[in-house]
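2 protein chains.
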Amino acid sequence: MKTEDLVAQIKRKNSFLCIGLDVDLEKLPKHLLTTEDPIFSFNKAIIDATQHLAVAYKPNTAFYEAYGLKGWQSLDKTIRYLNSQYPEIFTIADAKRGDIGNTSQMYAKAFFEDMGFDSVTVAPYMGKDSVEPFLTFKDKHTILLALTSNEGAFDFQTQKVGEKEVYKKVLEISKKWKNAKNLMYVVGATKAEYLAEIRRIVPESFLLVPGVGAQGGNLQQVCHFGMTNNVGLLINSSRGIIYASNQENFAEAATSEAQKLQSQMQEILKDLK
Amino acid sequence: MKTEDLVAQIKRKNSFLCIGLDVDLEKLPKHLLTTEDPIFSFNKAIIDATQHLAVAYKPNTAFYEAYGLKGWQSLDKTIRYLNSQYPEIFTIADAKRGDIGNTSQMYAKAFFEDMGFDSVTVAPYMGKDSVEPFLTFKDKHTILLALTSNEGAFDFQTQKVGEKEVYKKVLEISKKWKNAKNLMYVVGATKAEYLAEIRRIVPESFLLVPGVGAQGGNLQQVCHFGMTNNVGLLINSSRGIIYASNQENFAEAATSEAQKLQSQMQEILKDLK
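Chains as they are written, first to last, in my numbering: chain L, 1 to 273; chain Y, 1 to 273.
Please note that the accuracy of each hint is not assured.
Treat identical chains as interchangeable: a pair holds within one or across any two.
Unchecked claim - Result set (BS3-like, lysine-lysine): computed pairs, CA atoms no more than 27 Å apart in a straight line:
1) 13 to 270
2) 164 to 176
3) 2 to 175
4) 44 to 70
5) 160 to 178
6) 70 to 109
7) 44 to 109
8) 77 to 109
9) 160 to 175
10) 30 to 109
11) 27 to 109
12) 175 to 164
13) 138 to 13
14) 138 to 178
Since the hints were made in silico from the structure, they are not lab data.
Excised from the complex, chain L in its bound form:
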């Protein structure tokens, strides 16, 4: 998907909400467990109930891998359902991959070509030749971890290399890579105060912002420091929406939680116009 199509969708829906499909069998409504593929049944219901309020879906691959082959089957069905039923939706494989060149090439093929995701999250630790193979795919996006939402972000990411923190080096150096226009970045909502400085380095890039909701990040603050003229933000919420209820009404409960975030986003977007 081209970035302008993502922006157009955001403006049409008055939403820059991304919903994280981090599906845990132990948290699913009990009545789904007897269906043939409980994870896909759940995802399908959540997607159908929220697709008018969200612009992106982000399955975290760990939750699928944890169920082995069956889990991969559910992920495969989920991405195919999204691509066939809601082709305007932006899809993110939250896989946090990254390896030496020929291996990253294999990952890129798997997520972009075989599964048909629009984007994949990638870890920067192994540097340029571990990321560039992802960047060669036209109209596909590589979402590089910059500053993550967890406590461990302070172990290495915020350590200073000379004058600058590691995560700023990641932003600066990656900007010079081949096809860097296909880069987006992960910046945790729990670190909203860092966004002003991040915007000085990457004024236009889309940022994928996890950590609003369950992890404690604040939507208004993130938008205040991080929003661009083209919005430039995808705010992810997972548990707060998909596990709003574990009863038969789980899909309606998800609609209602997504609606709350979308309404706040609509207000924020009014000020942008």
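Since the structure of chain L is provided, determine the placement of chain Y on it from the hints.
Chain Y only, in chain L's frame:
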């Protein structure tokens, strides 16, 4: 597997060779392509032909993911074959995972419990709470990326944070994490000259060393700087062994290449005794 059992196996076989099972359908001998599961057929033949010369096998998960569900099936069959036929072999899921705590927990379960690997490679970028979930599993090992064998290692890993490079910070900080005794580290053979300093920080830890062979690393140099009283090294070779021939004699060719490395290792181990 306990570390002492790995060391005992090394001493019994006079080998610290790890064979990377990075299987690419385009490089397989043509006669295997008509079998029901060419990747598993290939792996099984390679394992049977080299298991007396190697102490560890390391499938890189990217190569399996690239083939979707079928690929995961082949990986699953490969690890089950290794665990049932050669239980003394140390197995490494080269997955380079790492995510926020509850997600890393899912990955750890998938690789350690469901698939039964002895170890998994993990990226350090997200810090302590992204790695500690892996460390809680008894007799399982977490192999943290420190200094990788690729060119991109110089982008961030060797940048200086204060007096010390990022990769040294990774070694120092990770040593203090809970259950750090379950840590091993990836150090590329292409950077053998760094090993002396690395040994000052982690004098005893096992190091997984890729990059000997196709990538140009030198075995003698790596051992000179990196070996401990307990050997402390697993030297990985992938393409040099598994693709030694793409003809019907591929397994014999793999034996012969593995034998060359094992003989060199035997010589080196003599000096250790």
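Copy assignment of residue 138 with residue 178, given that the CA separation must stay at most 27 Å
within (12 Å within a copy, 43 Å between copies)
Check your understanding: Taking 27 Å as the upper bound on the Cα-Cα distance, should residue 138 and residue 13 be classified as within, between, both, or neither?
Key -> within (25 Å within a copy, 49 Å between copies)
Between copies, within a copy, both or neither: which fits residue 175 and residue 164 at Cα up to 27 Å?
both (15 Å within a copy, 25 Å between copies)
With 27 Å as the alpha-carbon cut-off, assign the pair residue 13 and residue 270 to within, between, both or neither.
within (12 Å within a copy, 70 Å between copies)
Since the copies are identical, ignore which copy is meant and state whether residue 2 and residue 175 lie within 27 Å (CA to CA) inside a copy, between copies, both or neither. within (19 Å within a copy, 44 Å between copies)
_As a check of your reading, is residue 164 near residue 176 (CA-CA no more than 27 Å) within one copy, between copies, both or neither?_
Result: close both inside a copy and across copies, 17 Å intra and 25 Å inter.
**OP:** Indicate which option fits the pair residue 160, residue 175 if close means a Cα-Cα distance not exceeding 27 Å: within, between, both or neither.
**Re:** Both, since 19 Å and 20 Å are each at most 27 Å.
* Could you figure out if residue 160 and residue 178 sit no more than 27 Å apart (CA to CA) within one copy, between two copies, both or neither? => both (26 Å within a copy, 25 Å between copies)
Is the C-alpha distance from residue 27 to residue 109 at most 27 Å within one copy, between copies, in both cases, or in neither? For residue 27 and residue 109, only the inter-copy Cα distance (17 Å) is at most 27 Å; the intra-copy one is 32 Å.
query = Which holds for residue 30 with residue 109 at a C-alpha limit of 27 Å: within a copy, between copies, both or neither?
reply = between (36 Å within a copy, 22 Å between copies)
Reference check for the pair residue 44 and residue 109, CA-CA at most 27 Å: within, between, both, or neither? both (25 Å within a copy, 25 Å between copies)
Open item on the list: At most 27 Å between alpha carbons: which applies to residue 44 and residue 70, within, between, both or neither?
Closed with: Both, since 16 Å and 24 Å are each at most 27 Å.
No hint from the list above goes unmet by this structure.
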